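K.L.:
One-letter residues, chain by chain:
Protein chains: 2
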Amino acid sequence: MAATKYVYFFGKGKADGRGDMKDLLGGKGAGLAEMTNAGIPVPPGFTITTEVCTLYYTSGKKIPASVESEIAGNLSALESAIGKKLGDPRSPLLVSVRSGAKFSMPGMMDTVLNLGLNDDTIKGLIAKSGNERFSWDAYRRFIQMFGNVVMGIEKDEFEHILQTKKDARRIKLDVDLSADDFREIVAQFKKKVKAVTGRDFPQDAHVQLRMAEEAVFGSWNNPRAITYRRLNDIPANLGTAVNVQAMVFGNMGETSATGVGFTRNPATGVKEFYGEYLTNAQGEDVVAGIRTPHPITELQGEMPRVYKQLRDITTRLERHYRDVQDFEFTIENGTLYMLQTRTGKRTAQAAVKIAVDMVKEKLITKEEAILRVEPSQLDQLLHPIIDPKAKKSVIAKGLNASPGAAVGKAVFTADDAVEMGKKEKVILVRTETNPDDIHGMDAAVGILTSRGGMTSHAAVVARGMGTPCVAGCESIRVDEKGGKFTAGAQTIKEGDWITIDGSTGEVMLGKMPTIEPSLTGEFGVLMTWADKARKLNVRANADIPRDAKVAVAFGAEGIGLCRTEHMFFAEDRLPHVQAMILADNEADREKALAELLPMQRADFLGLFQEMKGRPVTIRLLDPPLHEFLPKREELMCDVAVMKAQKKDNTPKYKKVSKLLARVEGLHEFNPMLGHRGCRLGIVYPETTRMQARAIFEAAAILAKKKIKVIPEVMVPLVGMIAEFVNQKKLIVEMAKTVMKEQKVKIQYMVGTMIELPRAALTADEIAKEAEFFSFGTNDLTQTTFGFSRDDAGKFITRYLESGILEKDPFVTLDQDGVGRLVKMGVEKGRASRAGLKVGICGEHGGDPASVEFCHRTGLNYVSCSPYRVPIARMAAAHAAIKEAGKTAASVTK
Amino acid sequence: MAATKYVYFFGKGKADGRGDMKDLLGGKGAGLAEMTNAGIPVPPGFTITTEVCTLYYTSGKKIPASVESEIAGNLSALESAIGKKLGDPRSPLLVSVRSGAKFSMPGMMDTVLNLGLNDDTIKGLIAKSGNERFSWDAYRRFIQMFGNVVMGIEKDEFEHILQTKKDARRIKLDVDLSADDFREIVAQFKKKVKAVTGRDFPQDAHVQLRMAEEAVFGSWNNPRAITYRRLNDIPANLGTAVNVQAMVFGNMGETSATGVGFTRNPATGVKEFYGEYLTNAQGEDVVAGIRTPHPITELQGEMPRVYKQLRDITTRLERHYRDVQDFEFTIENGTLYMLQTRTGKRTAQAAVKIAVDMVKEKLITKEEAILRVEPSQLDQLLHPIIDPKAKKSVIAKGLNASPGAAVGKAVFTADDAVEMGKKEKVILVRTETNPDDIHGMDAAVGILTSRGGMTSHAAVVARGMGTPCVAGCESIRVDEKGGKFTAGAQTIKEGDWITIDGSTGEVMLGKMPTIEPSLTGEFGVLMTWADKARKLNVRANADIPRDAKVAVAFGAEGIGLCRTEHMFFAEDRLPHVQAMILADNEADREKALAELLPMQRADFLGLFQEMKGRPVTIRLLDPPLHEFLPKREELMCDVAVMKAQKKDNTPKYKKVSKLLARVEGLHEFNPMLGHRGCRLGIVYPETTRMQARAIFEAAAILAKKKIKVIPEVMVPLVGMIAEFVNQKKLIVEMAKTVMKEQKVKIQYMVGTMIELPRAALTADEIAKEAEFFSFGTNDLTQTTFGFSRDDAGKFITRYLESGILEKDPFVTLDQDGVGRLVKMGVEKGRASRAGLKVGICGEHGGDPASVEFCHRTGLNYVSCSPYRVPIARMAAAHAAIKEAGKTAASVTK
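Protein chains in written order, with our numbering: chain A, 1 to 893; chain B, 1 to 893.
Don't read these hints as lab results, they were simulated from the structure.
Given the structure is predicted, the values throughout are model-derived calculations rather than measurements.
Where hints are given, some of them may not hold.
Intra- or inter-copy, both count: the list cannot distinguish identical chains.
[What the hints assert, rightly or not] Each computed DSS-like pair below joins lysine-lysine, with the alpha-carbon atoms no more than 30 Å apart:
| id | residue 1 | residue 2 |
| --- | --- | --- |
| 1 | Lys807 | Lys768 |
| 2 | Lys493 | Lys647 |
| 3 | Lys511 | Lys422 |
| 4 | Lys768 | Lys794 |
Take the sequences, apply the hints, and build the full model.
P.N.:
This is the structure:
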């Protein structure tokens with residue numbers, strides 16, 4: 001049996017390992033091996049495998065002797081490749097030591113550079129480089145890094161010495177320190193190491209190396225790494241590899257340089273060589289911004305041969321990896337070394353263009369192109385953004401509740417928003433919003449609240465409307481009555497211009513320049529491919545024709561949720577709705593409903609017309625009735641004040657106190673769990689009848705004109721089959737009545753929301769009667785977790801911070817809990833009714849991870865805000881392609 | 001193949017059918033067959049089977065001809081047995097026609113008597129009976145019954161004619177009507193039938209019979225019967241049988257009589273012949289109360305032979321059926337006929353005594369004895385009752401929220417209850433109660449509220465305390481400030497005596513005499529047997545030593561739920577609790593907690609001492625914090641009034657508005673789904689630490705005295721394993737700290753409530769860390785149904801009325817929904833941790849049907865209010881015995 005190989009060499013155009021050995025060599029080690037094998041000039045070195053990490057822990061946190069000897073053999077090979085020896089005072093080999101797990105893990109030890117320097121080898125480095133200052137600088141950098149990451153000394157300890165030296169020399173920048181300064185600093189650093197750790201800084205280069213290797217393995221189990229793994233579902237037994245690589249220096253003189261670049265423009269996606277470099281500099285100098293780097297094209301003039309080599313190499317790398325490469329290089333005395341290449345991050349716009357271009361270049365398939373664009377990235381393309389070049393004056397930051405930038409004058413009441421909004425753009429600023437504010441939210445171009453979370457009323461409604469919203473901006477104080485808000489020392493009054501960015505949560509003073517979204521040709525092309533790839537249908541949640549229009553424009557294939565109560569809040573309806581609620585008897589209630597009927601009919605007619613034969617799911621009245629009435633506590637205060645003022649004999653007092661009595665009667669401690677949903681229609685069947693009549697009469701008008709329309713009537717909040725049967729009977733009877741009256745035939749379905757655990761648990765029963773299911777995952781999440789969306793903001797934030805929750809379950813569907821109920825609901829439902837149509841209409845319908853879950857669970861469609869429809873379409877395509885496994889592992893990773 | 005037999009004859013000591021043929025003959029028919037076969041004198045007749053009911057419906061609502069001929073054959077047999085013929089003008093056979101399904105169904109047609117009478121046969125009856133008045137009375141009774149139940153004429157139509165006749169004759173009672181009067185009435189009845197139905201009253205006795213038979217079958221599907229079946233889970237395809245039986249008359253003269261009786265005293269259970277009779281009377285006269293019946297023992301003097309025969313027969317019946325019999329008999333001209341015998345209904349006291357006596361008599365086994373006592377019946381034995389002889393003046397009726405009668409002076413605030421309660425008994429009357437009222441509820445002997453359901457605060461707390469409570473008494477208006485309440489026209493002021501009956505929901509004026517419960521010797525004996533039979537342990541929910549004492553006295557084997565927050569509401573603690581909540585920083589919070597620590601420690605010490613080594617499950621702080629603070633809306637009103645009065649510069653204003661700001665900060669729209677349960681302990685870990693310290697320090701005090709104590713620390717409202725892990729860590733650390741400080745070892749467990757759907761769905765994960773589970777089925781019901789206990793009262797009532805809900809899911813565990821989650825939780829939990837201890841601590845722990853479910857689901861224990869412990873013990877015994885199937889089907893039914 002061959003002994004296990006624990007160390008993999010790379011260098012001189014050949015590597016022991018391969019690019020697909022990420023498990024064993026880690027991502028970095030596999031990448032170095034792959035580049036080496038591809039003939040790319042990479043400084044040579046070796047990778048100690050992840051298996052040694054396991055051995056390290058099972059051997060009492062030591063690298064076993066057998067592995068040590070294998071390392072020694074590889075070190076010799078490295079020494080002979082470079083022609084220098086580790087610890088050789090005349091010609092010392094210097095190496096970097098880096099961790100590298102299968103998955104990139106910021107929690108672990110990163111890098112130690114210049115390892116091998118000591119009081120002897122520094123002399124050799126000075127001699128070889130002919131640069132005393134460079135050499136002492138390298139030594140002090142080494143002690144600083146090694147002291148911190150291997151020996152655990154606080155960074156500040158070293159920084160303090162450095163700063164003291166600069167203060168003493170009255171200079172500000174490190175570059176102004178001399179070779180002597182650095183020599184003195186090295187001495188002080190060594191003293192500090194002794195003082196803090198009680199031992200000398202290790203002078204033996206081999207000891208340095210072993211300590212660094214063990215520190216990498218040890219860092220696998222530091223608390224940050226453990227937390228990171230837990231949060232990212234990375235198994236704890238993978239282990240990390242260690243990469244030991246010869247150092248190269250870009251700061252050896254004018255024929256040395258260092259730089260970074262991209263094979264295409266990462267901002268625009270244009271196919272152009274893109275990057276910057278500095279001569280006589282180290283990598284960190286490029287990013288530090290002390291010297292201004294040059295555009296990479298200038299390298300062509302300075303070092304034409306190296307430039308050509310670099311272009312050749314990076315072009316090869318892009319073709320090899322079949323994606324845009326983000327690379328780092330160093331030129332040491334005219335020799336080019338590639339230090340790293342990886343997939344380049346890019347903007348949404350660039351991602352779309354690159355994906356489509358690469359298909360045209362036959363570099364990737366259409367499916368791969370789709371997978372190259374993260375669905376959530378598309379959000380950037382669907383909303384106005386603040387001109388990146390503009391200078392921002394951010395005065396506060398809240399939650400990025402509904403994306404897009406908006407510029408408008410601050411207003412503080414819904415009525416003012418409507419009034420002022422007629423003349424100019426306004427942003428509605430409120431402590432929090434409630435259903436009374438709908439008309440104002442509708443009139444505003446943006447919404448800013450100081451309270452409430454990602455699923456507060458303001459956030460949900462704004463997303464539905466596609467209006468930018470910053471919610472829960474707790475650092476501002478809103479004084480609605482005073483018509484102003486304060487942010488720190490600043491006071492913003494009604495009429496002052498402000499800008500909000502719902503994508504970042506930022507609030508800015510004044511009018512910021514914005515850029516409207518441009519859906520370039522490539523975007524359209526990519527979406528066509530996505531639509532072909534996906535299996536899941538995508539519908540939109542839309543309550544009014546305007547939203548329906550947007551939804552269709554964004555590719556919605558139907559309406560998955562029309563919330564009829566949103567119509568009830570309209571100014572011309574609320575009085576009738578209130579009359580209905582306040583009715584003492586059925587007759588009065590019927591009268592108020594008769595007033596509402598033509599309005600609702602017109603609503604539905606508008607929706608049906610806009611949707612042009614696409615299915616429209618209409619949910620019957622859902623919210624608790626007191627949402628439509630004045631606030632109980634305000635009425636209480638009014639009554640108390642009138643009493644205190646001895647005005648309790650006035651007609652107004654009597655009116656208000658009568659109203660209060662009715663509101664008290666409707667008061668609930670937990671309205672979310674109270675008299676709402678189908679419970680309303682069961683106790684007040686006339687409401688269901690009116691809504692059903694409005695739906696079918698609207699459908700009849702179109703049916704007579706031979707226009708196809710398939711209403712799907714949806715009963716909300718069903719927990720028991722008997723509830724559904726009760727409501728279905730009323731709806732079916734009304735359908736028959738209207739068809740008879742109007743002498744037309746209307747195709748329709750009656751189904752239900754599955755939004756209570758009990759509904760999912762008894763879905764087999766419910767499906768015997770319900771013709772379709774739509775999972776209301778907002779409510780289902782509320783009851784499954786016992787979290788109120790309106791109240792959970794506070795502790796959910798804490799939960800996310802402390803890692804108790806990985807993701808807000810109102811944003812991304814909780815697959816382990818809520819998802820289990822969804823799965824159960826689908827399986828039980830289809831067991832009773834084969835082929836049952838099942839959708840989802842919660843906020844999750846627009847969340848890519850949740851869409852993927854819906855695909856896997858076999859749903860027929862997802863329904864989301866109109867503005868998230870393209871995201872859902874893309875996510876559905878991703879899910880289908882991933883499931884089909886059409887792409888090789890190397891591409892999907 | 002033999003033809004199916006559709007008609008079963010009984011008479012002359014032999015029946016075609018048997019007692020076990022209830023499916024085919026219905027309960028009544030099977031009983032008549034069994035009595036006949038046992039040699040009991042029963043008027044002969046025949047039963048048309050339930051299968052004919054099905055044929056009736058499949059044959060267009062007709063009895064098929066083949067069955068008609070079988071009926072004719074049996075009618076001939078009946079005629080020859082009696083020696084009379086149906087419709088024979090000289091010697092007419094009269095029969096009764098009764099429905100009889102497998103299960104007794106009050107919704108169906110009941111009885112038609114005297115069938116066979118017409119204008120001809122009346123003559124024969126007069127001749128044979130020699131009693132003209134009896135005969136005409138019989139005829140008019142027949143028309144009345146037949147007209148109503150077969151021909152569908154309103155009862156009032158006949159009653160009106162009867163009343164007109166009595167008015168004309170200036171008499172009040174039917175008995176004063178003469179033969180002529182009845183003859184005239186018969187004529188008028190027949191005219192009325194013609195007028196209402198348009199056809200003559202049928203004169204053909206065979207037509208009468210067929211019509212009556214078909215009416216019985218038709219009544220199987222009348223709306224009342226359908227509703228009854230749905231509510232009682234009776235399959236619709238069972239059908240009803242029809243019993244046709246020869247009439248016998250107890251009103252033929254002085255050697256005729258009729259009576260009812262029991263084989264043992266149904267009130268006391270004493271073994272004595274018990275009943276009453278009337279000579280020369282019909283059955284309905286005994287119950288009508290017009291003549292006073294004689295005690296049955298007097299029959300011995302009047303008709304010694306018949307009396308002896310009756311005693312022999314009923315004794316045989318009791319031995320045959322092995323249970324107390326409730327029988328009806330008629331003596332016609334000195335011949336005894338048994339008309340019915342059935343299991344006798346009895347009081348709880350009687351049930352217990354009879355069960356124990358019958359075991360002593362070796363009539364039944366101990367297991368059977370246990371099954372003879374319905375667990376819920378025991379409630380009658382555990383609370384004071386109103387003297388049944390007392391005359392009640394009921395002024396209102398509410399929900400029977402907590403059983404028992406209480407007499408006291410009305411008070412309207414908690415403080416008054418405490419104050420006045422020192423001197424005399426008080427009943428606290430409130431619109432609703434809230435946690436602020438606890439001290440007053442504690443001081444009162446009874447609680448009356450005008451709002452809230454069976455699980456409102458008042459109801460839950462009262463049951464926990466064992467204090468009688470009438471809740472949701474909506475017909476009274478409580479004016480707390482005015483110190484009075486009104487019930488109709490009556491006004492009850494503070495200090496007025498009232499009586500409430502929490503077992504019936506009645507509210508009475510004045511001091512009613514009450515009877516204290518007496519737990520007789522038999523009761524104790526039976527409970528010992530029950531304890532031996534059951535497998536499920538029974539614990540109690542108890543928060544304070546006093547409750548724990550009661551619980552132990554009632555047989556509790558531990559505390560399944562100690563709600564630590566109930567202690568927080570105590571007068572001496574609330575200020576510290578409020579200080580803790582209002583603290584701006586951790587230091588202030590720690591200070592307030594330090595004040596609470598010794599008090600909580602004393603609480604737990606008291607509990608542990610009372611429980612003497614039995615397990616005690618202590619739940620950490622659970623309710624949302626604002627429950628401990630003044631009400632938000634009241635503060636808002638105070639502020640508004642002070643502002644209106646220009647007092648907004650006073651120190652009081654500043655104080656109140658500061659408090660309001662904090663209360664606003666804690667305000668939640670749905671507190672049930674808000675910041676409560678372990679979410680508190682996670683955000684404020686110092687609270688958990690204080691409670692854990694109090695628990696372990698109390699345990700340490702006893703451990704040092706070598707007194708055994710096993711605290712089970714319970715983390716509430718866990719939905720995610722990470723929440724539990726967070727809290728468990730704090731608890732375990734504190735346990736270690738205290739053990740180290742106190743130098744003792746304490747045995748303890750850390751477990752969790754399973755009260756959220758997500759906890760049940762992920763119970764396998766949670767059980768990896770949790771050492772026990774306790775299902776909080778109150779909360780689990782809330783979230784599974786999406787019903788708030790505090791708010792659902794209104795629509796749950798509607799749901800129960802309309803049959804959407806069969807039972808209030810807060811009273812009886814919903815097995816199809818919530819139960820499925822419980823089952824899942826148990827299975828998943830034990831899959832991770834074999835032998836995991838699992839209990840239930842919701843209100844359901846004291847509900848017999850739910851206890852049976854817990855037994856079947858393999859729970860280890862149920863925990864309920866102390867006063868329901870005996871009920872739970874008995875229910876657990878029932879469940880175990882039923883499962884073991886130790887008893888024959890005939891006995892369990």
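K.L.:
Sort out which numbered hints this structure fails and list those numbers smallest first.
P.N.:
Hint check: nothing fails, all pass.
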